[in-house]
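Asks: Spelled out from the first residue to the last, the chains are:
There are 2 protein chains.
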Amino acid sequence: MKLKSMDTWALPGGFIELNQTAEEAADEVLKNRTTIDNIYQQQFQVFTDPKRTNAEHIKHLINKGVLESSTLDWFENRFISIGFYALVEYSKVNKPQPDFISEKCQWISINDLPQLMLDHSIIIRDAYQRLKKDLYEKPIGLNLLPEKFTMPELQALYETILQKKIDRRNFRRKMLSLDILIDTKEKRMGSSNRAPIVYQFDKKKYYQVLEEGYHANLF
Amino acid sequence: MKLKSMDTWALPGGFIELNQTAEEAADEVLKNRTTIDNIYQQQFQVFTDPKRTNAEHIKHLINKGVLESSTLDWFENRFISIGFYALVEYSKVNKPQPDFISEKCQWISINDLPQLMLDHSIIIRDAYQRLKKDLYEKPIGLNLLPEKFTMPELQALYETILQKKIDRRNFRRKMLSLDILIDTKEKRMGSSNRAPIVYQFDKKKYYQVLEEGYHANLF
DNA sequence: GCAAAAGTGTTAGACATACACCCATGC
DNA sequence: GCATGGGTGTATGTCTAACACTTTTGC
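Order-wise, the sequence lines are chains A and B. Heads up: the first sequence begins at 631 in my numbering, then just goes up one per residue. Heads up: the second sequence begins at 631 in my numbering, then just goes up one per residue.
There could be a bad hint or two in this list.
With a Cα cut of at most 30 Å, we get these calculated DSS-like pairs of lysine-lysine [what the hints assert, rightly or not]: (1) K763/A with K694/B; (2) K762/A with K734/B; (3) K835/B with K795/B; (4) K794/A with K795/B; (5) K763/A with K834/B; (6) K689/A with K632/A; (7) K794/A with K835/B.
Hint data in this document are derived by calculation from the structure and do not stem from the laboratory.
Taking the hints into account, I'd like the entire structure generated from these sequences.
Replies: This is the structure we're talking about:
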């Protein structure tokens, strides 16, 4: 999210209320930014360096009238952040919503990050590392693809996250061996080549595998 | 640690000072309990359920005179805990030290846990799960074994953590293939069987592998 | 019919698993 | 010499990685 009146961007975030878990608070943040409920999220790290936060950005926002000066005291406290990554199907989010201190909220490729406030670059790096690691232990896709999808689409997802090419035929075999896909018997028509089979996740089996994890040497 | 005047045990823990990272605070806890510095530690999860803590134990300790009644207000706050696991060479810790609210502090097998306060059983379960997972991605042993050790000793460590038997010959081959062991050319004499080779870790390579991680299908 | 991309199958090599044999030590 | 357990080697099957061929679709 781009902060108002600044050239600095920030990750979406928020505070944990006294009667909330961190997960509930993260859910709220996700809902407010995407208008979507029940997004898959994973806690991955706590950031506790006392020097990681300061009130510099806040002071600037107060000067510009974005925040009231009475908030300065609060923001001069010491903050820790619990890092979560979340998986959202990009196309489901019509327009990511900014909050009141930000000018706009939008999707940005990890290969094209702008300048970020505080330690948010580090948080993104760590989240991405963890996501890549988790890819080898848990299925993904249920949260990142439409209800129905094709094998090439699923593969594109993996290739995007891992940032590498995967052999089409080996990918297919591995995915099918996980036994979490249902062949809908439909085909995705429309392009001038063989129409790929349309799959959907077997949700019961999907969650079961997600729970147990595997230890695949995928790709 | 067994709490004074109660049949309930607790994990070692403490508070994070305003100018400390969580890691520094954990280091202090570890130093105070074990008298050892620079223990390997790994953050694994934050526990934030608002209902996870309550002041019941504290009230009891106040009634028994262990804590002053003025501390009650503080302990009626809402607390979150950042879970760390740490790896310590058991034999290096002559006598684990209790703190002022506990009667004794001692090593307890994970197979023989007593009744624990609050959600500490869950914390232990999660820590153990994470440790087992990490075992497949990072070397351990530098923190859990004496400077010099034998292959059977290293194997016993793995078998203890994973709680399963490993084939002696396959274990040896895998460990040697990681290329983090130095053959000291010594042998551990003393028992009425072939004397095993004494190894030590190649610390440079060890830390390198620890950093990079691997993705071994170990055992 | 042709181009493009998906589905199916195969094969060589790497790795995991299981086990057999020999060797060194203390008594 | 014998019991015990460590060091070395090898066979078998399974899985990964690389690649060839066939099929289906739109134009």
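Asks: Sort out whether K834/B lies within 30 Å of K763/A, counting only the CA atoms.
Replies: holds (24 Å)
Asks: Holds or violated: are the alpha carbons of K794/A and K835/B at most 30 Å from each other?
Replies: Holds. K794/A to K835/B sits at ~27 Å (cutoff 30 Å).
Asks: Under the criterion that the straight-line Cα-Cα distance not exceed 30 Å, is the pair K762/A, K734/B satisfied?
Replies: Violated: K762/A and K734/B sit about 43 Å apart, past 30 Å.
Asks: Check the hint pairing K794/A with K795/B against an upper bound of 30 Å on the C-alpha distance.
Replies: violated (37 Å)
Asks: Checking one constraint from the list: CA of K689/A to CA of K632/A, max 30 Å. Satisfied?
Replies: holds (16 Å)
Asks: Run the distance test for K835/B versus K795/B: straight-line Cα separation, threshold 30 Å.
Replies: holds (27 Å)
Asks: Given the hint that K763/A pairs with K694/B, test it: the Cα-Cα distance must not exceed 30 Å.
Replies: Between K763/A and K694/B the Cα gap is close to 49 Å, so the pair fails against 30 Å, i.e. violated.
Checked against the numbered hints given earlier, this structure breaks hints 1, 2, 4; the rest are met.
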